[in-house]
Every structure is written in C-alpha cells, then in structure tokens.
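Colleague: If you're matching them up, the sequences are chains S and D in order.
Taking this note's numbering, the leading residue of the first sequence gets 1408, the next gets one more, and so forth.
Taking this note's numbering, the leading residue of the second sequence gets 27, the next gets one more, and so forth.
These aren't lab readings, by the way, just hints derived from the structure by calculation.
As the structure is a prediction and not an experimental result, all values here were calculated from the model.
Don't take every hint at face value.
[Unchecked claim] Reference listing, derived: stretches of chain D covered by chain S, where coverage requires no fewer than 3 residues with Cβ under 8 Å from a Cβ of chain S: (1) 64 to 73; (2) 109 to 118; (3) 145 to 156.
[Stated by the list, open to error] Where chain D lies over chain S, by a calculated footprint (3+ residues, C-beta under 8 Å): (4) 1467 to 1481; (5) 1601 to 1612.
Note that beta-carbon positions come from the ideal geometry of N, C-alpha and C, so glycine has one too.
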Amino acid sequence: MSRASTGRPAADPDSTDDGGKQSRRIDASMLAELAAPLALVLVWLAFFIATPDFLTTDNISDLLVASSILVVLALGQQFAVVVAGIDLSVGANLPWAAALLGYTVSHGHSMAIGVAAALLGGLLVGLVNGFLIGYLGMVDFIVTLGTLSVVSGITLLLTQGNTVAVSSNFLQSIALDGAGPVRWFWLIALVGALGTAFLLFRMRIGTHLLAVGGNAEGARGTGIPARRVRMYAYAGSGLLCGLAGVMLVARNGGADPSLQTNYLLSSIAAVVLGGSSLFGGKASVLGSVTGAVLLTSLVNGFTILGISQYYQPIAVGAVVLMSALLARVRE
Amino acid sequence: MTTTTTAPMLEARHLVKTFNAVRALDDLSITIAAGEVTAIVGDNGAGKSTLVRCLTGVHSPDDGEILFKGEPAKLSSPEDARSFGVETVYQELGLVEDLTVWQNLYLNRELTKPIPLLGILDRKGMIDKSSEILERLDVNVPSVRTTVRRMSGGQRQSIAIARAVTWGESLVIMDEPTAALGVRETAAVERLIHSLRDQGVTVLLISHDLDQVMRVSDTVVALRRGRAVAHRAVGDVNGDQLVGLITGTISGDD
Ligand SMILES: Nc1ncnc2c1ncn2[C@@H]1O[C@H](COP(=O)(O)OP(=O)(O)OP(=O)(O)O)[C@@H](O)[C@H]1O
Ligand SMILES: [Mg+2]
Chain S
1408 MSRASTGRPA ADPDSTDDGG KQSRRIDASM LAELAAPLAL VLVWLAFFIA TPDFLTTDNI
1468 SDLLVASSIL VVLALGQQFA VVVAGIDLSV GANLPWAAAL LGYTVSHGHS MAIGVAAALL
1528 GGLLVGLVNG FLIGYLGMVD FIVTLGTLSV VSGITLLLTQ GNTVAVSSNF LQSIALDGAG
1588 PVRWFWLIAL VGALGTAFLL FRMRIGTHLL AVGGNAEGAR GTGIPARRVR MYAYAGSGLL
1648 CGLAGVMLVA RNGGADPSLQ TNYLLSSIAA VVLGGSSLFG GKASVLGSVT GAVLLTSLVN
1708 GFTILGISQY YQPIAVGAVV LMSALLARVR E
Chain D
27 MTTTTTAPML EARHLVKTFN AVRALDDLSI TIAAGEVTAI VGDNGAGKST LVRCLTGVHS
87 PDDGEILFKG EPAKLSSPED ARSFGVETVY QELGLVEDLT VWQNLYLNRE LTKPIPLLGI
147 LDRKGMIDKS SEILERLDVN VPSVRTTVRR MSGGQRQSIA IARAVTWGES LVIMDEPTAA
207 LGVRETAAVE RLIHSLRDQG VTVLLISHDL DQVMRVSDTV VALRRGRAVA HRAVGDVNGD
267 QLVGLITGTI SGDD
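If we strip away everything but chain D, and leave its shape as in the complex, we get:
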C-alpha cells in the first residue's frame, strides 16, 4: 500500500477511545506527513490531547491502528513511542516538581558512567550539557540546579519543550506548547519549530492560536467531537475557514 519512500511519518486509522460515556475519539483518522509541520486545531474537549496520548502510548485506543513510517506499531507504553524517536510535550508538561531542571531534562535519558549495570549517574556531564541545551534554545532559568518547583509557568513550558526537542529524532509532538509563554518566548518556540523542520524532524503541533498555526504549519487538521473533519494544506485555507471547520459551520470532508 504505502511505499517506504513516501510513507507518512505517522498514520492513525479509525481510532476510537471512550472514557465511560464520553467518546473522546470517534473513528478518527489522521496522516502526518514526514518532514512537515502538521497542526491540529479544535475546540476544548475535541479530543486533541486524547489523540496525542494514544499516539504516544499513554492511552491504548479501544479500536483502530497506528502506523509509524508505514509499519503497524503496537504502542503499549510511552517507552514504545520513544523507541520510534517520538518525543512529546504534554499539555500537563510532565515535569517532576522536586527534581532539578537538569534531572528533568535528562529524565529517563540519564547519562551514566561507563560502569556496566550499575547506572551510576554522570551528574557533572548532565549539568554541563543541560546548561548548553538551554542556552542554545535561548531558555532562561536561574540555574539548572534549581528544582522545577521554583520555576514560573513559562519556564516550565520552555523546559518541557527543550526536553522534547533535544531527544526527538523523528517526531516531536507539542500539545499547546506556547499556552503559558510570553510574546518573545512564543516567537522563540515558533523559530524552534521551523528549525526542527529544517533538520528533517516532523512536528505535530496542537494549538488554539490560529495565527500561529497559519504561521508555522504546512498542514492543518481540524478535530470536532473526536473526529478529524478536515485535512487542509495551509495555503488552501484562511483563518475564517478554520474557525468554521472547528465550530461546524463549515461541514468538512465527510
């Protein structure tokens, strides 16, 4: 069906996910082209975060299948998704408050001393590299040795983004990454998304900021009540049409 050269980075087919009576994903299908920035838009409760959690193995969908680079993928845990080179900035960020910035950046990616089995941490290496990573990404924190508990909402978001882009090799998923960010920081994240694409990393962006979506993405997918109602190249839509697709005044593809 799909040849390897043109296989999309990720494809979800007929995903269904219900929470008790709520059908969060209702026969949702989506294709994320390799090397592109795909944006997902939709109202609160449309199912965006649930889709993200299904794609990263946090939730297992009740039905449907997920393909990475054309191959069916069994995602039973986030570790599985990570093994495909997928990194995620969750809406809740997923930082550990009482760990330091560097510990969060390297969480489950710890550098260890070259002594087998024991897993002895190379603290100095991680601290030094964390400072470099944050500097390179223009993230300002007082010290990487501070706990995340002492960080502002925007700093936390920046740390979570830095973590994902540092480790994401093939796909970086960001669930509302700029929701808590100021103007300057938001612009920095948008530049970051562009540079990820330039490096050949695929990006899946979830955002309520339609101007941002128009600025950074190649393709936009509108979700409505658990269904993907429209896939559009960004050049083919304008903001008003997106609003119509999100709210349902424009009916969409099916």
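Next up, chain S with everything else stripped away, as it sits in the complex:
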C-alpha cells in the first residue's frame, strides 16, 4: 500500500527490526545461507595446502562415502528441526535399526526382510516420538531423550550387547562399489537429499511442515492438522535413521548395538551448520548436506595429518559454535 510502494517498510512498530538494519540483514543472511558451502571450500583448501594426500580422487571418493551416512541422518534431523523440534533419539535409533537388520539376517531371514525391518524399526521409533510430541504435546527434547535411552536398552536386550556380524555380498557391494566412479553410497545420499528437498519445497506436506514450524498457531488457524504434521516430521526422521542404519551395517560389516552419540551430535551440528533455524520454519537441504560433508572432512583431514583424534571433537565443536555465532548475527 502507499507506505509499501517504496518497496521498503517504513518506521512501523511491527517491523522495526526490518527497518534500519535491513541492508545488513540481507548480507548477514546471505552469508549464513552460504556459510556451510563456503566453510567447506575453506576447509578443503586448508587440508589441500597441508597435505598432498587430501585432495586426491581416492580420498575424496572415500570421504564422500564416509559422509553419506551422516548426510542421511542430517536430512532426518532436518525434518525434526523444521517443525522447531529436535530428535535426540537418533543416537539410539541408528544402532537399533542396524541391530534389527543384523538380528533378522542372522536368524535366517532374507536381506530384503532385514532391510525392511531396519527401515520399519526406525520409522516406528519416529512414530512413537511423533505421537508423544505431536499428539500428547510433550516436550521434544525430553521425549527424544527418553526414547534415546529406552531404545538403546531394547537394542542391548535384543543383541545381548554383542556386535552381530552381517556378511552379505549385497551390502558389501553397496558400501564398496558403484556405477563407474559414482559410488552407491553417494547415490543413496543424493536421492535422499533430492527427495527431502522435493518433499519440503515442492509438495503440500512440505509447506505444512514449514508452516507448523514457523507459526504453529497460525498454521492451525488455516486448518492444517498441526499435530499430525509434527508426527510426520518425526516419522521422517525415524525412517531416514533406519536407512542410515542399513548403510552403517553395510559399511561396518556388522551391527554394533552401542549408542552412537557421535552421529547424534554430528547430525544436529550438520543441520545447524547448514543454516536451518532451530526455532523452526526454515530449512536448507543443501546446507545440511554440506554441513555433514564438512564435519566428515574435518575428521578425515585430521586423520590424514595424523593429528590426535582427541582434537577432532574440539574442532567440530568450534565449527558448530562459529555457526551459532553466525546465526546470532543473522537475527
């Protein structure tokens, strides 16, 4: 309207934060959007300068394979974050899905059934989270902390705490082979990322996820079933966690039932690095993917350089804190 026809909101009580600072905001938010890709380039450059062994075809190929599991987990975490939630149960859901695969296959079932069990098992945990958070209105942080512990215990009971070896040519070839230079793991991660992006930005449910995360009351006012949408978000996280479980078994040749806190923290870190707001309503699939690759690159580069692995979590944490600082600037 008249005030707006200048294309810039004038002094208005509701939009003071958009007023004078607007030009700075644009710069800062563009920076935050590009933070993960930019940081990735910098980190790769640094390792390239530090060692000739980093930027080789073989190492990058392996690095991307190693990133793939985290990419899939981060995509799942993205679903929880988009509805302003968080999924801490990932740390237990991942070994749980892996253990289900190990259990079914070691009990004489086919690989197809094993993979289905892992996917459904992951989905089930997500549905339980989603029901408690969406329908019963319980706090996401507490619920997923609770299921983290419960699922971890159930996994230990199922496996008696033992790692189950899964020898399968099929899984082995998924982890090691590919179509020409393109490794199967990359393809799985790529399909996961494209699927997530399509769902979030090209499908109705994606708009509803973003709306519920951005303004749950407002979304409900338009008739969006906010509870069910929340449940879908956690179900998505659980399902992708199941997929990551299958990949983990393929990569390790077995199912380790112990808690995967590293993957849990990294999945959240990747999403935060990617520029998604933990307050919900915003998603960046490209950001989460590059975030995951970046975190894996740090570990990979440090290993090549022979830097003590004790420094790795410090570096990862520093990167996450820096991204949090960037997000603060963006506000």
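Once you have looked at the hints, place chain D with the ligands on chain S.
Modeller: Showing chain D with the ligands alone in chain S's frame:
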C-alpha cells in the same frame, strides 16, 4: 424452531469459556444474520477475540452450543469451521513469517498438480493467481515471492484479509482488521466489506473504531465482560449510545 429460509448464518447460545480464573465468555449468546455485516464492539478484554476463536474452532467452549445455518455444529478444529465456508482474519493474523506471500495466501488451500495423492504444488499457478488476487484487492506488496517477514504491519494485515476474503464463501470473520492500516487502506477494507455483502457473504467485524462500525455494519453487538449486552440495528443507535453500552453506563438488554 428455525426454518431454513430465515436461519441466521451463525448462532451461539450460552457460550462459556474460562481461562483458569478468568471467565472470558460468560453465558454469551449472539446471532449473526445471513447476508449482513454484524459488528462486535467492546472494551479490551471483553471477550471478542475469545468469541471469534470459539466460533472458528480454535478454542472449544466449556459450555453452550454453536449453530451454523440452523444446524448444530461441532467445531473441534479450525478445519471444521472452514468446511462451513468460514474464513477468519485473526487478531494475530496467523501468517507464517518465513513463507512467501503466495504461500501464505494459499496456506492449506494449495493448488496441486493433477497427480493423485502426492500433493505436488502448482507453484506457478499459485504465484500468478496470488498476484491477481492482490491486484484485484488493491493490496500493494513488492512481490508475492517475498517472505512475509519483510512486510510492514499494514501489508501483513492486508495479506491476511486478502486470504480470508478469497476463501470465505459464507462467512468472513475479521478481528480488528484495520488496526494497523492507513487511511487509504482502511477505506479499501471497508469497500471490501461492502462488496462482500453485495456478493451475499456474511461478515462478522470486530472493531474499536465506532465510526467505522456505524459506516459498514447493519447490526452491532456490544460485549461487556464476556456477555453480549445489546444487539442493535445500526439505524437504532448512535455513537454515544454505543459508548454507553460498551462501558456500562447504559445497562443494555438484560
Ligand atoms: N489463551 C488465553 N489464556 C488465558 N487468558 C486468556 C486467553 N485468551 C484470552 N484470555 C483472557 O480472556 C479475556 C478476554 O480476552 P479477549 O482476547 O477475548 O479480549 P478482546 O475483547 O479480544 O480484547 P482486545 O480488544 O484487547 O483484543 C481477557 O481477560 C484475557 O486475559
Ligand atoms: Mg481481541
């Protein structure tokens, strides 16, 4: 009791809604005649927005009943109210900041490609139609592809109104729709209310602007401390009497 030909658009009987110790609606009854503009006036905290939220299924009243076109309606969610053709501009507007203008306009009314089940968005269709809708309603935004976060308070209000009038088929409820609007925009909204009535759409308007109420409405209902204390045809009251009914210096009907 009510015959279909003369049934009011909406009727609420003996609504009660309490929040802890606060009795926001206290045995409130109201009738909204079909095809008319009904205004609700009342001081801050009188219960106007709470009434709106009960009528649209956001809140469920503790007691009382709601009838749409003479039929008892069970409103357990806003989706139920929408199925009756009711659209609402809430006082908080209910826009999603990080979605674009077109996404907000089509929120939960998305156009999808003709592929069953998947719900693939027809983005181009929605973007084009959003521009048309806003142009027709004389709403000025830089681009429908901009996020609502970048809009001024008045622009937001205009978008919320545009959304409600676009989808509201039988009843459009507006809770203080012109509170953030300039003179020109307010006049545009008042014209919009008139044209809605001309199209046979019933309007429920909540406003603190008594001159506006006198200008656009047919019937005015005064709320005081959770009760509807007076239903008046606009021709039968003047501004001073309305003030008296709102503040309680004129006692009202019961
Ligand atoms: N969600 C809620 N929780 C607790 N109390 C509430 C809630 N909503 C409304 N109330 C209380 O109910 C009463 C009526 O509030 P309501 O918002 O309906 O007033 P209103 O007539 O719309 O006022 P205004 O003109 O300021 O918009 C107030 O005393 C308010 O404090
Ligand atoms: Mg109000």
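Colleague: Work down the list of hints and note, for each, if the structure agrees.
Modeller: Outcome of the hint check:
Residues of the stretch 64 to 73 of chain D lying with their CB closer than 8 Å to a CB of chain S number 0, which falls below the three-residue condition for coverage. Note: the stretch 109 to 118 of chain D has 3 residues with beta-carbon separation from chain S under 8 Å; the three-residue rule is met and the coverage holds. A count of 4 residues in the stretch 145 to 156 of chain D with a Cβ less than 8 Å from any Cβ of chain S is obtained; the coverage claim is therefore met, three being the minimum. Chain D is given as covering the stretch 1467 to 1481 of chain S, and this is violated because 0 residues of the stretch bring a CB closer than 8 Å to a CB of that chain, at least three being needed.
Only when three residues or more bring their CB closer than 8 Å to a CB of chain D does the claim for the stretch 1601 to 1612 of chain S stand; here the count is 4, and the claim holds.
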